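Undergrad: Read left to right, the sequence shown gives residues 4 to 486 (the working numbering).
Just so you know, these hints were derived from the structure itself, not from any lab. Since this is a predicted model, take the numbers as computed values, not measurements. Where a beta carbon is used, it is the ideal one built from N, C-alpha and C, also for glycine. Mixed in with the good hints, there may be bad ones.
As the list claims (entries may be wrong) - In silico BS3-like cross-links for lysine-lysine, where the CA-CA straight-line distance does not exceed 30 Å:
1. K278 to K233
2. K25 to K317
3. K233 to K222
Stated by the list, open to error - Simulated restraints, written as ranges between beta carbons of each label pair:
4. A35 to K229: 42 to 52 Å
5. G478 to V355: 19 to 29 Å
6. K149 to R271: 39 to 49 Å
7. S448 to Q358: 21 to 31 Å
8. G115 to K222: 19 to 29 Å
9. S198 to N140: 27 to 37 Å
10. S198 to A90: 56 to 66 Å
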Amino acid sequence: MSAESNTNGTGMEEAQTGYSWKVRITIIVLIAIAVGVVWITNDFLTARFTESTRNRAQVRMTLYTGNLISELQRASIVPQLLARDPALIGALNANDHAQSSQRLISYIEEIGAASLLLLDKSGRAVAASDRSMIGSNHRSDQYFVKSLRSNETIFTTSTDENNAIIFTYSRKVEYAGSTIGVIVVAVDLQKFESSWAGISDAVFVTDSEGTIILSTEPKWRGLQEKEALKVISAPRAIERAAQNATDWVFLSSGTKLLGSGVMRQESRVPFQGWKMTSFTTYASVRQRVNGVLALEIMGFAILLALTFYFLSRKAQLQSVFFQRESAELRQLNRRLQREIAERERAEKSLQVAEQTLAQSSKLAALGEMSAAVSHELNQPLAAMKTYLAGARLLLRRKRPEEAVSSFQRIDDLIERMGAITKQLKSYARKGGDEFAPLDMRDAVSSALSMMEPQLKRRHVEISKTMPREPVMVLGDRVRIEQV
4 MSAESNTNGT GMEEAQTGYS WKVRITIIVL IAIAVGVVWI TNDFLTARFT
54 ESTRNRAQVR MTLYTGNLIS ELQRASIVPQ LLARDPALIG ALNANDHAQS
104 SQRLISYIEE IGAASLLLLD KSGRAVAASD RSMIGSNHRS DQYFVKSLRS
154 NETIFTTSTD ENNAIIFTYS RKVEYAGSTI GVIVVAVDLQ KFESSWAGIS
204 DAVFVTDSEG TIILSTEPKW RGLQEKEALK VISAPRAIER AAQNATDWVF
254 LSSGTKLLGS GVMRQESRVP FQGWKMTSFT TYASVRQRVN GVLALEIMGF
304 AILLALTFYF LSRKAQLQSV FFQRESAELR QLNRRLQREI AERERAEKSL
354 QVAEQTLAQS SKLAALGEMS AAVSHELNQP LAAMKTYLAG ARLLLRRKRP
404 EEAVSSFQRI DDLIERMGAI TKQLKSYARK GGDEFAPLDM RDAVSSALSM
454 MEPQLKRRHV EISKTMPREP VMVLGDRVRI EQV
């Protein structure tokens, strides 16, 4: 019966081990397939969505550039038309500008310029769409100086007292072959910045010297690109670009991937060496890829859960049998522990009884030895009494030297009595459980000294021969002396 159960138990253990290995292999294979599919899908979709995002950014930059050039070309015609306006020419010749400002304001509504300014030949503003500028002097401004030197329309950029960049077209006004003034048209290019910011993360335009003149981030204006990325509090995409500014990966001509979160694209604006730069975030790419990956991971999780479910059915049936068998083993184990505890208690009780019996034997022997020890102690006490009486007599006779000799004999008797009681106490003490090195000669001498009173009373003569060298053993001195 026992052999049969052992055989069955071994077979079940083998079945359980085989099942666990099958589960592990299945899980490993499923996880490996899931990781491989997710990895390939991530690379494929990231590349595809990245290219799509890059293409859309390029299309937007093309539109931005076209709108910018269209606005500049439309504004460049205005100075030429206004320079031939008879009303403005007549006002400059007659130095009568009562209606000139109103005329410029009417043109503003028609052409959509930011502002119009009419200067006389000395550079003084005689009419303006912004009446607060009338009377201001512009003799040293570039748009006035360059216009006087040229017969064409001049484009210039300048900054006002608020450090804002102003884009202007200017042209001199002539009459009868002589210059009588300059017409200045301010172009409103800032309106593009707000529209750019609503679509792309960040866009800026630089002039031929690399200075930012238009930007969705106002604090970038007037700075070089590297300086702007360092000192500016930009949108989150630009912050990532600034943090990863040392990791540039070229995608194509005019396109750079800044780190892993922002793409930088650059295109040429066909106007005075201008360039447009765009930073496009890849957050949408990551979101779209993560959405697909989440669906894939969910599918693999469901597949893995179904696999666990079907495999757990078999494991559940086997676990019922193993639990029953484990309960029987635990019951046998508890019974064995109880038997071991009872056996240990019996052994401890036996040891206590043996120690008690040994101590009782010693106490009985001490009872027999007490008479002899009492006799041995009475003799020194009687001698001490005699020596004390003699010492008292000697002190009365003023013989202290001889009294000191009596006291010395009393001291020797006290040491002898202490040795006798010490031996008796040592014999009565229980032995320890720890062993220590000891000289057998000392143990024998101590035992003979303790038994000397009894041996003398029984007229026993002892002859002992001790070796000169120490006889060292490892043991308990009390137990050896008791033996």
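Undergrad: Quickly compare the C-alpha distance for K233 and K222 to 30 Å and report which way the hint goes.
TA: 11 Å, holds
Undergrad: Between G478 and V355, does the beta-carbon spacing fit 19 to 29 Å?
TA: Roughly 22 Å apart at Cβ, these two residues keep to the hinted range, so it holds.
Undergrad: I want to verify a distance hint. Is the separation of the beta carbons of S448 and Q358 within 21 to 31 Å?
TA: Hint holds: Cβ distance 27 Å, inside 21 to 31 Å.
Undergrad: Going straight from one Cα to the other, do K278 and K233 come out at no more than 30 Å?
TA: Since the Cα atoms of K278 and K233 sit roughly 20 Å apart, the hinted pair holds (cutoff 30 Å).
Undergrad: I want to verify a distance hint. Is the separation of the beta carbons of S198 and A90 within 56 to 66 Å?
TA: Taking Cβ atoms as reference, S198 and A90 lie about 35 Å apart, which means the hint is violated.
Undergrad: Measuring from beta carbon to beta carbon, are G115 and K222 in 19 to 29 Å?
TA: 27 Å, holds
Undergrad: With the threshold set at 30 Å, check whether the alpha-carbon distance from K25 to K317 stays at or below it.
TA: 12 Å, holds
Undergrad: Hint says 27 to 37 Å; check whether the CB-CB distance for S198 and N140 agrees.
TA: At 35 Å between Cβs, range holds.
Undergrad: Kindly confirm whether 39 to 49 Å is satisfied by the beta carbon distance between K149 and R271.
TA: This hint is violated: roughly 24 Å between Cβ atoms.
Undergrad: Tell me if the beta carbons of A35 and K229 are separated by a distance inside 42 to 52 Å.
TA: 46 Å, holds
Comparing the model with each numbered hint stated earlier shows that hints 6, 10 do not hold.
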